[in-house]
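Asks: Line order of the protein sequences matches chains A and B. Taken in order, the first sequence gives residues 1 to 276; the numbers are from full-length UniProt numbering. Taken in order, the second sequence gives residues 1 to 311; the numbers are from full-length UniProt numbering.
There's no promise every hint is true.
[As the list claims (entries may be wrong)] Calculated cross-link-like contacts (lysine to aspartate or glutamate; reagent style DMTMM-like; alpha-carbon spacing at most 25 Å): (1) A:LYS71 - A:GLU55; (2) A:LYS103 - B:GLU26; (3) B:LYS275 - B:ASP170; (4) A:LYS103 - B:ASP23; (5) A:LYS166 - B:ASP56; (6) A:LYS127 - B:ASP170; (7) B:LYS19 - A:GLU170; (8) B:LYS19 - A:ASP175.
[Unchecked claim] Looking from chain B toward chain A, a few residues come up when the C-beta cut is under 8 Å (computed): (9) LEU107; (10) VAL147; (11) LEU205; (12) ASN245; (13) ALA247; (14) VAL251; (15) ALA286; (16) VAL288; (17) LEU292; (18) SER297.
Keep in mind that the hints were calculated from the coordinates and are not lab data. Where a beta carbon is used, it is the ideal one built from N, C-alpha and C, also for glycine.
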Amino acid sequence: MKTSLLPTIAHRLAILAYVIFALFPLYWLFKVSLTPNDLLYSEGVRMWPSRTTWEHYSFVLQHSAFPTFFKNSLIVSGSTAIIVTICASLSGYALSRFSFRFKYWIVGLMLLTQMFPLVMLVAPIFKILTPLGLTNSLTGLIVVYTAFNVPFATFLMQSFFDGIPKDLEEAAMIDGATKFTAFREIILPLTLPGIAATLGFVFTAAWSELLFALMLINGNNAATFPVGLLTFVSKFSVDFGQMMAAGVLALIPAALFFLLIQRYLVQGLTAGAVKG
Amino acid sequence: MSMTADVYDRRQDRRPWLKRLADASEPYLYSAPALILIIVVMLVPLVVGISYAFRDIQLLNPFSGGFIGLEHFETLSKDRAFYTALKNTLWWTGASVFLQFGFGLILALLLDKPFMGRGLVQALVFLPWAVPSFLAGLNWSWLFNPVIGPIPHWLFDLGLMSQPGNILSDPQYAMWGPIIANVWWGIPFFAITLLAALQSIPRDLYEAASIDGASWFQRFWSITLPFLAPTIAITVLLRTVWISNFADLIVVMTGGGPADRTQIVASYIFTQAFKALDFGYASAIALVLLVLLLAYSMLIILLRQTLLNKG
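Isolated chain A, as found in the complex (with noise of 0.2 Å):
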């Protein structure tokens, strides 16, 4: 195989570019979170200030809300990602393994659930948990996040159950195991990667999103991260260094669980693609 000089060169120059505007805005975050704020506006538009300062992390982790949103948002997230999983593996295994009456109806009503605008629930959902007590509590946003999630987690699911030989749980039933012994002791180990993987996703779709937890959380107590960033927007618009270094610390388990599940990305997205 003959190697050209140039287009390797014109190909490791666009492999940079794209590198660069990835990195660019989050590089920007994190340089205008460690810019002192006196030098905020002189220095504005240059690439590494001339100072920098840790002073905006310890001011946003002792002396604003962002610790509360931080926790909220952990437990809803973290809770979210627990239940969903539970259940969608229960329900991915049905899929994967049985043949019964109903299951293309139970797969169309999960089609289903993806293909309608979630903002068109807004409304009805905050009406039906006002009475409950649902609204403004952390309870009410995990049971929300869990049903948005099951649908998708099922699909995930069930690809990787698809992915398991049958033999293995028929051998163990002819040594007498219960099919629910064999999915609990032979099944689920094996997808434990799987597991991690909807976890991962789970999570990080449960910490993102927005307009629910607008619309259903008002006040900084049960309030997640998203609404408590953007209400410190809103209120202190210029405490620019402020609000980035929040914004660092809100990148962080993202990027982490990113890290965790980035081995599965094609198989999720694919399960993603068919769900919608």
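With chain A held as given, fit chain B onto it using these hints.
Replies: Coordinates of chain B only, in the frame set by chain A:
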């Protein structure tokens, strides 16, 4: 399994009826938690929401709640803001999908070639996908802000702007702000799916074509594209529906302004419910959007059928 085997099975079935019942209900038990959640939290509100479209529901007005028939739809047919939102939705969706797909395809082609450090590059260029959408929106609105962001100053230096201003408050160009943020955020989705499709193309096809003296462009045109076509079709179509409903970036970056120039139908629904607290009217708009999306999906299915029949 054939019919005879089924009959044979049933005759041989000596399990007690209780056990048979338990076996038959097993898949339903597995799917019950998921189903109950979907029905209670999504299907019921969907039906309730459709009924709101024909009722007068305003959160702050205790006397509202009555059935008003098609009144919302009459208002809607005269609502200038709605037509603007409809036009903006087409523009927002079209530009976003086109650019995301174009840049995503190029990135996938670049990454398909092995080179040193490819794993790392892949992780870096896919990172925007993991950024929460509200943060992506805020991040880009800061970049467009002349006080804190570099973009206005760059545009000024290039002579594209008479003074470093914020395009998000410029009625003529404001829509480009959310579109650029959306492109940045959505390129990884197309790149990842297209890269997976690219890697499933058998390599010997390319080798045979090179031996026959085909140029890069000929190989791309007669091998790569036909192989990618089904993936391209399905991802572009589904992404179109998804992006036309995607209001987060607009809500965060412009709130629909200036003067409704960036308001899309989805963000208009949200604004009606969240700011105006007019649930009835919001639901009526949502119902129209649903019908439009259904029509679009039907069109796609019909198109797909015709294409399949031809092929």
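Asks: Does each hint hold? Answer for all of them.
Replies: Hint check:
no. : hint                : verdict
1   : A:LYS71 - A:GLU55   : 21 Å, holds
2   : A:LYS103 - B:GLU26  : 12 Å, holds
3   : B:LYS275 - B:ASP170 : 23 Å, holds
4   : A:LYS103 - B:ASP23  : 15 Å, holds
5   : A:LYS166 - B:ASP56  : 55 Å, violated
6   : A:LYS127 - B:ASP170 : 37 Å, violated
7   : B:LYS19 - A:GLU170  : 19 Å, holds
8   : B:LYS19 - A:ASP175  : 19 Å, holds
9   : LEU107              : 6 Å, holds
10  : VAL147              : 7 Å, holds
11  : LEU205              : 16 Å, violated
12  : ASN245              : 4 Å, holds
13  : ALA247              : 6 Å, holds
14  : VAL251              : 7 Å, holds
15  : ALA286              : 4 Å, holds
16  : VAL288              : 11 Å, violated
17  : LEU292              : 10 Å, violated
18  : SER297              : 7 Å, holds
Violation of the numbered hints given earlier is confined to hints 5, 6, 11, 16 and 17; the remaining hints are satisfied by the structure.
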